[in-house]
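Below are the chains, spelled out letter by letter.
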Amino acid sequence: MNKFLKAAVAATALLASSAVASAADLKACFVYIGPVGDFGWTYQHDQGRKDVEAHFGDRVETAFLENIPEGPDSERAIERFAREGCGIIFTTSFGYMNPTLKVAKKYPDVKFEHATGYKTADNVATYNSRFHEGRYIIGQIAAKMSKTGTAGYIASFPIPEVVAGINAFLYGAQSINPDFKVKVVWVNTWFDPGKEADAAKALIDQGADIITQHTDSTAPLQVAQERGVHGFGQASDMVKFAPDAQYTAIIDNWGPYYIHRIQEVLDGNWESAQTWEGLATGHVVMAPYTNLPDDVVEMAKETEAKIAGGWEPFTGPLMKQDGTEVVGEGDALDPGAILGMNWYIKGVDDKLPE
Amino acid sequence: MRIELVKRKNSSTTMAVLSPVIAVILTLISGAILFAIAGKDPIHGLYLFFIQPLTDSWSIQELIVKATPLVLIACGLAVCYLSNNWNIGAEGQFIFGALCGSFLPILFPDFDNWLTLPLMLVFGTLGGALWGLIPGVLKTRFNTNEILTSLMLVYVASLLLDYLVRGPWRDPDGYNFPESRIFSDSATMPLIDGRLSVSCLVAVAVVIVLALMLSKSLKGFEIRVMGESPRAGGFSGFSQKGLTLFSFAIAGGLAGLAGTMEVSSSLNQLLPSISPGYGFTAIIVAFLGRLNPIGILIAGLVLSLSYIGGESVQASMGISSKIASVIQGLLLCYVLVCDTFVLYQIRIVSTLRSGAQKEASDV
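Chains A and B are the protein sequences, given in the same order. Residue 2 is where the first sequence starts when you use the numbering used here, and the numbers rise one by one after that. Residue 2 is where the second sequence starts when you use the numbering used here, and the numbers rise one by one after that.
Simulated from the structure, these hints should not be mistaken for laboratory data. Hints may contain errors.
Chain A side only, calculated, beta carbon under 7 Å to chain B, not exhaustive [claimed, not checked]:
| id | residue |
| --- | --- |
| 1 | Gly-58 |
| 2 | Asp-59 |
| 3 | Glu-62 |
| 4 | Ala-64 |
| 5 | Pro-70 |
| 6 | Gly-96 |
| 7 | Met-320 |
Straight-line C-alpha distance at most 30 Å; calculated BS3-like pairs for lysine-lysine [what the hints assert, rightly or not]:
| id | chain 1 | residue 1 | chain 2 | residue 2 |
| --- | --- | --- | --- | --- |
| 8 | A | Lys-302 | A | Lys-145 |
| 9 | A | Lys-196 | B | Lys-323 |
| 10 | A | Lys-51 | B | Lys-220 |
| 11 | A | Lys-148 | A | Lys-241 |
| 12 | A | Lys-51 | B | Lys-41 |
| 13 | A | Lys-302 | A | Lys-120 |
| 14 | A | Lys-103 | B | Lys-323 |
A quick note: this is a predicted structure, and the numbers were derived from the prediction, not measured. Just so it is clear, CB atoms sit at the ideal spot from N, CA and C, and this is done for glycine as well.
Hey, can you work out the whole structure from these sequences and the hints?
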């Protein structure tokens, strides 16, 4: 009986694996935290996956799992892909870090790419983008356009990337108007249209006439559109959801990175690395500037070009909230300090949740 | 005209046995239609959903891993529901238990010996029981509604976890990211194979003990009597308040144990979210298993199959995760509908015949 069972299992396994192997040179798989239809973070990763399909055609097959919660379920999802013959697996949320490493240990021949984490292994690389570059530009635009001198910031979780985003936004704004104010609301979610909309309404009621967000839904922009104020798209170009309200959007453009890394796997020269690129390489892209006067567009494009040319937005004199100096005049903050940012710059009207 | 559900005088035992089978067949038919609408091969889709996960030792293991916390929590909830205590807060008891179980490896990483894991499990169980006792005590002392209090405490527990992981319990080497330090080996549940740990054996043991307790012991009798007729139970000397506290403590304790084992065996650290809604899914498992520990064991496995199968269809056919959720929902819906029709029949009452007198008696 037992023997028979084993034979049956082996036969089906063989059947399944031959079906997988016959298709393409490489299978690239993606694990997503949200729905592919969030029009934000996950949507952009899925656009990157589609770019891969378009670029490689039949040579590369792709697959994805969406709505995989961080926690115990994610390890299973990642391991499923590793078992199903994926040659490279992209895990696109911070909370997948340790599950990714655990699975990678068991499948040394599979390449893993973890977005936004900091732990690597021989077959685990990390990648993230310098989103704070875009935040600096929208901060400048906000300071130019705001009548009340106050912007509302809808923040997700107090992790370094989000804190650095708030700082970069305000630092950009201060370069135009030193008295610019930013009000922060923590919604403790990456994707909750209802909560995000409520936060936007509250911020507008408190006098903010520019809304910006580090959450993934289009709700805050839609509220801005209804209330006649302005805002910025997050992760993807959200202009069709708020044609009169969106000034621009910071677009996560993962396609070039995915194509590059998959090409390396095909060529056999993929190596573990920690990638952190921005406007210069096109990993971060600014959406077309809309609803803005020409001089502001001009300024934004100038800053964009300057950053793409290698200038670091966090260039001193930069002071912490309590007034202590972090870097002096003309010095750039080092990448490690930006990636681990857990302090506000001077002028943020909020206390960091601890 | 009005449609009424009338209890059948003698409901057929054959139908009672067949009802889950009919539910599964109906789900298969609806699932096939769904796949066809989505433009996929229905037979292949159903195969991937329901059969393929059972053909491979890896997915069978994953099935058991996923079912373990569900079964443990649902067993505890069954004790509550049988005794008429509506504990909706198992999710909170799971989380608080996990917190109590985890403080040892997080705050005292140097205390690292053979005692670590047993102590963690004891603290986790006690912590869960304590969290469960809060709505229990509130109910017995102040007559508060336990549905509300237990549910609200879920949010308290999950925000407490969130606070600790982002603040005081954050990994000192973790670059300020919200996660605790990783547990050492002596704080990790021993593994049987792959991701399968001894947790599943604990769950089976709990199922057996509870099944015996409910069917053979005086306590089991007390639980059923007090659930169905507290007045009759009172005459035989059973204490309603005592039983409420007992059932909340059992449910909370088992949820806390499940939480600690889950954190210790599959996560090895605390994260801002440690449960994909186990405590709520377990309510479905408890009722699907008809509040019977053996039934719960089967229901837990069936529900896990629907999760694993859902992922398998998604990964292989590229359909939306929503279709998997819809099939899951259909399965639950059909089970309940079939059960209802085994016990009840539809009667169409014409307004002429019923009249005002009947209306009054309904009010």
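Q. Is the Cα-Cα distance between A:Lys-103 and B:Lys-323 30 Å or less?
A. 28 Å, holds
Q: Would you settle whether the hint for A:Gly-96 is holds or violated, based on the nearest Cβ-Cβ distance to chain B being less than 7 Å?
A: Since the shortest Cβ distance to chain B is 6 Å, the answer is holds.
(Q) What's the verdict on A:Lys-302 and A:Lys-120, does the C-alpha distance respect the 30 Å limit or exceed it? (A) 35 Å, violated
Q.
Min Cβ distance, A:Gly-58 to chain B: is it shorter than 7 Å?
A. Cβ of A:Gly-58 sits 17 Å from chain B, so the hint is violated.
(Q) Using the nearest Cβ pair, does A:Ala-64 come within less than 7 Å of chain B? (A) 5 Å, holds
Q: Using 7 Å as the Cβ threshold, decide whether A:Met-320 counts as touching chain B.
A: At about 20 Å, which exceeds the 7 Å cut-off, the nearest Cβ of chain B leaves the hint on A:Met-320 violated.
Q | Hinted contact A:Glu-62 with chain B - closest CB pair below 7 Å | A | 10 Å, violated
Q.
Min Cβ distance, A:Asp-59 to chain B: is it shorter than 7 Å?
A. With Cβ-Cβ at 16 Å, over 7 Å, it is violated.
Q: Would you check the hint for A:Lys-196 and B:Lys-323, treating anything up to 30 Å between C-alpha atoms as holding?
A: Holds, at about 22 Å.
Q. Taking only the CA atoms, is the gap from A:Lys-148 to A:Lys-241 under or equal to 30 Å?
A. It holds: about 25 Å lies between the C-alpha atoms, which stays within 30 Å.
Q. When you check the alpha-carbon spacing of A:Lys-51 and B:Lys-220, does it fall within 30 Å?
A. 60 Å, violated
(Q) Just to be careful: measuring from the Cβ of A:Pro-70 to every Cβ in chain B, is the smallest value less than 7 Å? (A) 4 Å, holds
Against the hints set out earlier in the document, violations occur for numbers 1, 2, 3, 7, 10 and 13.
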